[in-house]
Amino acid sequence: MCTYHTERVDMAGSSGKGADGWFPLSTASVYFDHPVHAPEAHTLNIDFLNPSLGPSARVAVEMAPAAAEALAHAILSGIRAGGALSE
Amino acid sequence: MTHDMKAETVTIRGDGGDEIEAYLAQPVGGDGPFGGVVVIHHMPGYDRSTKEVARRFAAEGYIAVMPNLYHREAPGAAPDDAAAAARALGGVPDQRLVGDVRGAMSHIKAMPNSNGKVATLGHCSGGRQSFLCAVSLPLDAAVVCYGGAIVKPPPADFAVKMVSLLERSKDLQCPLLGLFGDEDKFPTPEEVATLSAELQEHGKDFEFRSYPGAGHAFFDVDRPSYRVDAALDGYKQIRAFFARTIA
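If you read the protein sequences in the order shown, they are chains W and H. When we follow the working numbering, the leftmost residue of the first sequence carries the number 1, and every step to the right adds one. When we follow the working numbering, the leftmost residue of the second sequence carries the number 1001, and every step to the right adds one.
If we strip away everything but chain W, and leave its shape as in the complex, we get:
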């Protein structure tokens, strides 16, 4: 399937490491679609981007759905443990 479900997240204050080293991130695209590389029919994909630095300023991950769900919980748990959860 291609759901076209794409959400954009503001990533100001964040950094990512790509092929040319670290760079500041400005946005992330989160979507459920075909992977380029992962051995699954569909994956939860995140592109961490900084368009002002060109299309190759990108950190990409393609996650099996169960792994993505576990990661989402782990992210929230980590932020909560750090006392930085916003609600």
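By construction, these hints were calculated from the structure, which means they are not laboratory data. Fair warning: there could be bad hints in the mix.
Said to hold, decoys possible - Using 20 angstroms as the maximum straight-line C-alpha spacing, the simulated DMTMM-like pairs for lysine to aspartate or glutamate come out as follows:
{"hint": "1", "chain 1": "H", "residue 1": "1152", "chain 2": "H", "residue 2": "1198"}
{"hint": "2", "chain 1": "H", "residue 1": "1185", "chain 2": "W", "residue 2": "40"}
{"hint": "3", "chain 1": "H", "residue 1": "1161", "chain 2": "W", "residue 2": "40"}
{"hint": "4", "chain 1": "H", "residue 1": "1051", "chain 2": "H", "residue 2": "1222"}
{"hint": "5", "chain 1": "H", "residue 1": "1006", "chain 2": "H", "residue 2": "1052"}
{"hint": "6", "chain 1": "H", "residue 1": "1204", "chain 2": "H", "residue 2": "1167"}
{"hint": "7", "chain 1": "H", "residue 1": "1152", "chain 2": "W", "residue 2": "7"}
{"hint": "8", "chain 1": "H", "residue 1": "1236", "chain 2": "H", "residue 2": "1182"}
{"hint": "9", "chain 1": "H", "residue 1": "1109", "chain 2": "H", "residue 2": "1140"}
{"hint": "10", "chain 1": "H", "residue 1": "1170", "chain 2": "H", "residue 2": "1191"}
{"hint": "11", "chain 1": "H", "residue 1": "1006", "chain 2": "H", "residue 2": "1080"}
{"hint": "12", "chain 1": "H", "residue 1": "1161", "chain 2": "W", "residue 2": "7"}
{"hint": "13", "chain 1": "W", "residue 1": "17", "chain 2": "H", "residue 2": "1182"}
{"hint": "14", "chain 1": "H", "residue 1": "1236", "chain 2": "H", "residue 2": "1205"}
{"hint": "15", "chain 1": "H", "residue 1": "1006", "chain 2": "H", "residue 2": "1031"}
Chain W is fixed; fit chain H onto it per the hints.
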């Protein structure tokens, strides 16, 4: 048939007269002139697997041109990076897509070995765009392989912007072949039935097939979704369809 071909990267005029990159695969030798196929790449981009599709049609005796729909956003970038850049910007606007395909169609028709007939073919998002071209351009044929969001577009708050094309069914100007999977969710068999009913009502020349046990992307040999029976019969249908419409 020798399957001999020449494949190369060329520059064509796309929407608004913009110069964009395209992949051109054409038969070498043989008994031309040849029909043309504009291959519309899927959302993951102007990639190796879609270039293989273009070469397949060249091997079968057609001039195939695949415009790089993301050339403006990311010239020279890796296909997956270009796709990510285009997705982040909301995808390819429909009007620009039609302009780019019109440019590819003109490029083919101007070639000395063209017979003047051109079809479009696309998978997934390219399937929707192939349908969009079939209701917008003076094509000779169009193939839609599991095109999603023709009937039911994504919600308006999604980053990727699309509108329903169902009402455009009345504008279909050429024979249409649609190949779908019974297990697909985008589009669902219900959406395919809705589109079929609409085309039927307007008396259009179309044929839809939906394969049991196949879901989305059943043609894609590099993915677990590949279904050999559906893909083989699908290519058989496309061969017969092109022989009837553009050969």
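Hint by hint, which ones does this structure get wrong, listed from lowest number up?
3, 11, 13
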